[in-house]
Amino acid sequence: MKKVFALVDCNNFYASCERLFRPELNGKPVIVLSNNDGCVVARSNEAKALGIPMGEPLFKVKDLVARHKVHVFSSNYALYGDLSHRVMDVLRQMEPDVEVYSIDEAFISLPVTKEWDRVKYAAELRERIRRQVGIPVSIGIATTKTLAKIANRVAKKEAQFNGVFDLAGNSQIDQVLGKIEVNDVWGIGRRSTEKLNRRCIYTALDLKRADETWIRKTLTVVGARTVMELNGISCISLENAPPCPKSIITSRSFGHPVTELDNLKGAVIAYVSIAGEKLRKQSVVADTLNLFITTGPFDEQASYSNNQTITLHQPTSSTPELITAALQCLKSLYRPGYRYRKAGVMLAGIVKQGYRQQDLFSFFLPAEKEDKQLMTALDRINGKWGRNTIQYGMTTAENKPWSMQQTRKSPAYTTNWQELPVARAAGLS
Amino acid sequence: MKTDSSINAIFEIEQKTKVVCPLFTCGVSAGFPSPAEDHIDQKLDLNELLIQHPVATFFVRVAGESMKDVGINHGDILVVDRSLEAVSGKIVIAIVNGELTVKRFIQDSASCQLVAANPDYPPVEITEDTDFSVWGVVTSVIHQF
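Residue numbers (my numbering), protein chains in the order written: chain F, 1 to 429; chain C, 430 to 574.
It is worth saying that the hints were derived from the structure and are not from the lab.
Backbone N, C-alpha and C fix where the C-beta goes; we use that ideal spot for every residue, glycine too.
Fair warning: there could be bad hints in the mix.
As the list claims (entries may be wrong) - What the simulated footprint calls covered on chain F by chain C, stretch by stretch (three residues with Cβ under 8 angstroms from a Cβ of chain C suffice, anywhere in the stretch; the number is not a length):
{"id": "1", "region": "15–24"}
{"id": "2", "region": "81–91"}
{"id": "3", "region": "130–139"}
Said to hold, decoys possible - Simulated crosslink set (DMTMM-like; lysine to aspartate or glutamate; CA at most 20 angstroms straight-line):
{"id": "4", "chain 1": "F", "residue 1": "409", "chain 2": "F", "residue 2": "419"}
{"id": "5", "chain 1": "F", "residue 1": "28", "chain 2": "C", "residue 2": "560"}
{"id": "6", "chain 1": "F", "residue 1": "48", "chain 2": "F", "residue 2": "37"}
{"id": "7", "chain 1": "F", "residue 1": "28", "chain 2": "C", "residue 2": "528"}
{"id": "8", "chain 1": "F", "residue 1": "246", "chain 2": "F", "residue 2": "287"}
{"id": "9", "chain 1": "C", "residue 1": "519", "chain 2": "C", "residue 2": "537"}
{"id": "10", "chain 1": "F", "residue 1": "195", "chain 2": "F", "residue 2": "184"}
{"id": "11", "chain 1": "F", "residue 1": "409", "chain 2": "F", "residue 2": "56"}
{"id": "12", "chain 1": "F", "residue 1": "69", "chain 2": "C", "residue 2": "528"}
As the list claims (entries may be wrong) - A short list of chain F residues far from chain C (calculated; beta carbon distances all over 10 angstroms):
{"id": "13", "residue": "59"}
{"id": "14", "residue": "74"}
{"id": "15", "residue": "97"}
{"id": "16", "residue": "101"}
{"id": "17", "residue": "205"}
{"id": "18", "residue": "237"}
{"id": "19", "residue": "353"}
{"id": "20", "residue": "406"}
Isolated chain F, as found in the complex:
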C-alpha cells in the first residue's frame, strides 16, 4: 500500500500560545521576540498583515508596533514547550507513528487511502487539537514528506481549505507546485536557490522537472532526493525514534556586556548545566566539549572571539565534570579588558549511555554511581520546581549581568503554581 504522509503544523505557534490564556488578544496583532528580546520570531496573522517581517529586529518595527498597538511578548519557552507536548500527545493518541519534527510540527503517516476520508480524518484531528489544547493547526497531506510540507503551506495560506489540504492523488499538483518558489521547498537553502535560479529554476515545478544528472552534480544526492520527492517518490521515511543528536549547543547573548572573569564563569556554568541536563534527558553522554566566548563583531572598542575544545577523559553527562572542563577552557580563553557579549558551550562526540567504552581504571568507580544519583535528584528537583531551583555555586550570585533580558515575558501559566491563569468570578459587564 502506498504510504501517505501528513504534516501537522501549529499556526503562528508562539503567538497562538500567548493567546490561549489571553482571549482578549484574539483578532489583535501579536508578536513574540527571540531571546534577549532581539528579533521577531512569531507573528499572528494580524501582525503579518501589518507588514511586520519575520526575523526583523524590534527597533526597526517600533513605529508599526506603537501605531497599531501590537502586543509584544518575550519568548516563554516553558509555556510553548508544555503546549507543544500536549499537541504531540493528542497526535499520539490518534496515531501510532508520530515524528516530532520541531516544537510546532510533526509528521504522521495517515491510515486512510481514500482522499475524501483522508481530508475528513485530518479535519477531525485538527478539531481535536483545537478543542483539547486550544492551538490551531494546519495539515498538509501528500505522498512524500517534501510534498506534505508544500501541501501544509497551501493549507495555511488559503482560507478556503479550512486548514487541511491534500496533494496526494491531486490532479492539479503541478499547478500548485508552479506557485511555490523554489527557496520555499523543504531542504532548499539560500545557496542552492542561487544556483537553481542561475539555471532558470524558480518554482517547485521547475525543480520537479529539472535534469537529474545536473541536480546530482550541483546539489549532491540530497538535492536529487528532493527532486524525487517532488515527483512523488518517497525517499525520506518517518523517523519516530529521534536519532542520537550529533551535538548539543547552549549559547546565549548576554543581557548586558560582561567584563569580569567571575561573571563569565557564572554564565558558563549556567549554560553547561543546561547542556548537561539536555544530555541526561536523552540518556546520552558526550566526550568533547567546546567553549566559545565573544565580544561580538560590532564592538566599537575592541573585539575578541575565541574558542577551545577539550576531549574529556571519558564520555560523561555529569554536570560537575563538564563544568570542570568548561572552566579550564575559560581560564585559557579569557582576556581582560574586553566587553563580552556572548558565550556558548557545545558538547559533541555523543553516544548512547550504554554504548560508551569503559575506561579500565574507572570501572566500578563508586563515585560515578553517586554522581549519577546526584544528577538524577538534581534534574528531578529542577524539573519540578523550575530550572535554577538548585544551581551550581557561581550561578547563584545575585548579580547576573549575563542573564537574558526578557522584559515582556508572559506567566508560566502551565508550569508554575504561582503563575496560573486567572478566571474572574465576578459580575459581567
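Fit chain C to the given chain F structure using the hints.
Positioned in the frame of chain F, the structure of chain C alone reads:
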C-alpha cells in the same frame, strides 16, 4: 527552597511525580506475617482521581466570590478539562468579552445563561450579540486551608 512539597506534588499535572497513600498500613509484627500484607497492592493517586484527560487539563486560579455558594472561593484552583462538552448545568470557564470567567452554564431550547452561585450576582443572558465561547469545563475545585 520552596516548602510544602507534599501538597504541591499531588497537583503535578504531568504525573511525573506521584504522591501515593497506601490503602492499608501494616505495623511491625513479631512472628506472624500480617494477613493484610498481601493486599497492599493498591495505592491512591490523586491525579487519577482529578485528571481524566491530561493533555486537555489546565489549572486556573479563581479571582472573586461569585461562585462561593458551590464552594468555589477566591484563590481556589480549578481543574479544567477542555475535552469535555459544556452541557447545560456544568460549571465552565467561559470567555465573555475577551475575559476568562467562571460560571454555571444553563441552556434550554429558548435561552442560554451564565449563572453565578451567589445572590449578589444576577445571571447573564447570552444572546447572539454576546462575545461568548466556552474555554473548558470545570471538573474539580482545590481549596487549600
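Against the structure, the hints come out as follows:
no., hint, verdict
1, 15–24, "holds (count 3)"
2, 81–91, "holds (count 3)"
3, 130–139, "holds (count 4)"
4, F:409 <-> F:419, "holds (12 angstroms)"
5, F:28 <-> C:560, "holds (15 angstroms)"
6, F:48 <-> F:37, "holds (18 angstroms)"
7, F:28 <-> C:528, "holds (14 angstroms)"
8, F:246 <-> F:287, "holds (12 angstroms)"
9, C:519 <-> C:537, "holds (13 angstroms)"
10, F:195 <-> F:184, "holds (15 angstroms)"
11, F:409 <-> F:56, "holds (19 angstroms)"
12, F:69 <-> C:528, "holds (19 angstroms)"
13, 59, "holds (30 angstroms)"
14, 74, "holds (22 angstroms)"
15, 97, "holds (18 angstroms)"
16, 101, "holds (19 angstroms)"
17, 205, "holds (39 angstroms)"
18, 237, "holds (27 angstroms)"
19, 353, "holds (20 angstroms)"
20, 406, "holds (22 angstroms)"
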